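A.B. asks: Residues per chain are reported as follows:
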Amino acid sequence: MVCKSQGMPKLSIPNEASIRTIRNFLFANSPFSDKENPARLVMHPKWAFMDPVAMAMAAAWGAWCHRNGCSVQGENIAGPHTKYAARMGLFKFLNIAHDPLLEEHEEAGKFIPLARIKTSDELAGFIGNVSALLHLESEPNGLAAVQYCISELLRNVLEHSGSLDGAFVCAQRYPHDPARRVSIAVADCGFGIGAHLGNSYPEARNDSKVALQLAMQLGVTGAVKSGMYGSATDNAGAGLFFTRAIAKATGGYFALVSGDGVFRIKRLRKNDEVLIFHDAFQDPRHDFWKLPWPWLGTVAAVEIFTQNIPNFPKFFQSIRQQLPVKKTAAGRIKFT
Amino acid sequence: MTEYVEVKVQDAVKGFAEDKDAAKRLRTYTIMPALSANKMVVINFSGVTSSTQSFVHALVGEALQKFGEVVLDRLEFRSCAPQVKSLIELVVDYSLGGFSNSSSAPMEVKTGKKKKTSETPDKPRPRKHG
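So the sequence lines, in the order shown, correspond to chains D and G.
Quick note: the first sequence, position 230, residue 230 per my numbering, numbers continuous.
Here my numbering runs 1000 ahead of the position in the second sequence, where the first position is 1.
This is chain D alone, in the form it adopts within the complex:
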């Protein structure tokens, strides 16, 4: 088999691959440029904690490999430590044979397995299943926050990424956490943020830090004034801002990876104020790293502590009252 990419890729999953450990996970890898053939998914031999960010990235990477003529081979995938990845559907997406007995499990109440979303209808169907699969019926505000983030992240991929493989998404609920954590990740191997914003902001094209910084600000969109998809009348450039704000408001992690840039906002500490910065890089809880290799697309990961957003409307009201708009005409709106 001949891979059309420049080198044969490899993705290693360490004993923990999560938003918390995303730096180590990414720096230990070079998934788009390794020289080995075929592409390899190498799991830790004994222990593999993968949260949705690693799961979605692995699935998107696998689709990229397949699209570039590479098959994916699994290593260290036998054993109970890979049950979770199997149940999430990772091996199916990678076309790696795996013991089907390990994959039979009731999904309700714990996680949303990996899904590939390529159309608006698929997105709507996915959103419709969120409540049942994560058992969030009794938490309408938490559910609204989770649906909001999933919708905005997936629509970004469908409308702006140019991803030929669509978006890969999954979610995990941790109901035993006192604040009821939900972790969500969406990954694609499309243009990447720099290339997309580069239409309107040339300075973002070759600088991942600038690209990520702009992407998370209000009012920044790469959508051109007219176009089949993503015209300025359809986009305000606020989706990632609000997604970041929701994660921050509930105290969870937020991560955004594109090109060689990795941005993360850490969880709130006890007694931290919930402050949303217009420029995400001014947030004192942020990290930024430059990878020695680029992620060929975009990855977004969000943690929402659903118990920490007991009033989702109030969150928006609070944001609206403080948004730096040039004028307000809200008093003139007729609500009946």
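Hints in this document: simulated from the structure, not taken from any laboratory.
Heads up, a few of these hints could be off.
[Said to hold, decoys possible] Cut-off 27 Å, straight-line C-alpha distance, at most; resulting in silico cross-link-like pairs (DSSO-like, lysine-lysine):
no., chain 1, residue 1, chain 2, residue 2
1, G, Lys1039, D, Lys314
2, D, Lys314, G, Lys1008
3, G, Lys1066, D, Lys118
4, D, Lys118, G, Lys1024
5, G, Lys1039, D, Lys327
6, G, Lys1039, G, Lys1014
7, D, Lys326, G, Lys1066
8, G, Lys1085, D, Lys327
9, D, Lys118, G, Lys1014
10, D, Lys334, G, Lys1024
11, D, Lys290, D, Lys266
12, G, Lys1014, D, Lys83
13, D, Lys83, G, Lys1008
14, D, Lys326, G, Lys1085
15, G, Lys1024, D, Lys92
16, D, Lys314, G, Lys1085
17, D, Lys327, G, Lys1014
The structure displayed is predicted, hence computed values, not measured ones.
Once you have looked at the hints, place chain G on chain D.
C.D. replies: Structure of chain G alone, referenced to chain D:
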């Protein structure tokens, strides 16, 4: 008496309104033609529990940008859930004036009383997942 057109959002989306394509269809085929013909437009959000800023923007952003603040005299938003109401106010504000670049102060956001979260690392317990 001014003629009016009622747009029932729940005919296109129910519950959580996020489908921008549906919003765009409502805008393109109903809202904008009615406003261009000087009609009143009632946008009825009955049955919508929550939405996204992107959906509301796709629904009314163009009307606000094209006709300006005066279009609010011919727009009525009916049966809006509180979160939808906040989103409409938000979209109206930035569509008419844009975002200001002058403010760099962070926003202190209220979400109600919170439970504790912690920086305690997640312990890798893969068996707890499934």
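A.B. asks: The structure should be examined with respect to each hint, and the outcome stated for every one.
C.D. replies: A quick look at each hint next to the structure:
1. G:Lys1039 to D:Lys314: violated, 33 Å
2. D:Lys314 to G:Lys1008: Measuring from Cα to Cα gives roughly 25 Å; hence the hint holds.
3. G:Lys1066 to D:Lys118: Not satisfied, since the Cα-Cα distance of roughly 32 Å exceeds 27 Å.
4. D:Lys118 to G:Lys1024: Holds, because 19 Å separates the two Cα atoms, which is no more than 27 Å.
5. G:Lys1039 to D:Lys327: Holds, at roughly 26 Å.
6. G:Lys1039 to G:Lys1014: With Cα atoms ~26 Å apart, G:Lys1039 and G:Lys1014 stay inside 27 Å; holds.
7. D:Lys326 to G:Lys1066: Satisfied, since the Cα-Cα distance of roughly 17 Å is no more than 27 Å.
8. G:Lys1085 to D:Lys327: holds, 18 Å
9. D:Lys118 to G:Lys1014: holds, 21 Å
10. D:Lys334 to G:Lys1024: holds, 22 Å
11. D:Lys290 to D:Lys266: This hinted pair holds, its Cα atoms lying about 17 Å apart.
12. G:Lys1014 to D:Lys83: Judged against 27 Å, a Cα distance of about 36 Å means the pair is violated.
13. D:Lys83 to G:Lys1008: violated, 46 Å
14. D:Lys326 to G:Lys1085: holds, 20 Å
15. G:Lys1024 to D:Lys92: violated, 35 Å
16. D:Lys314 to G:Lys1085: holds, 11 Å
17. D:Lys327 to G:Lys1014: Measuring from Cα to Cα gives roughly 32 Å; hence the hint is violated.
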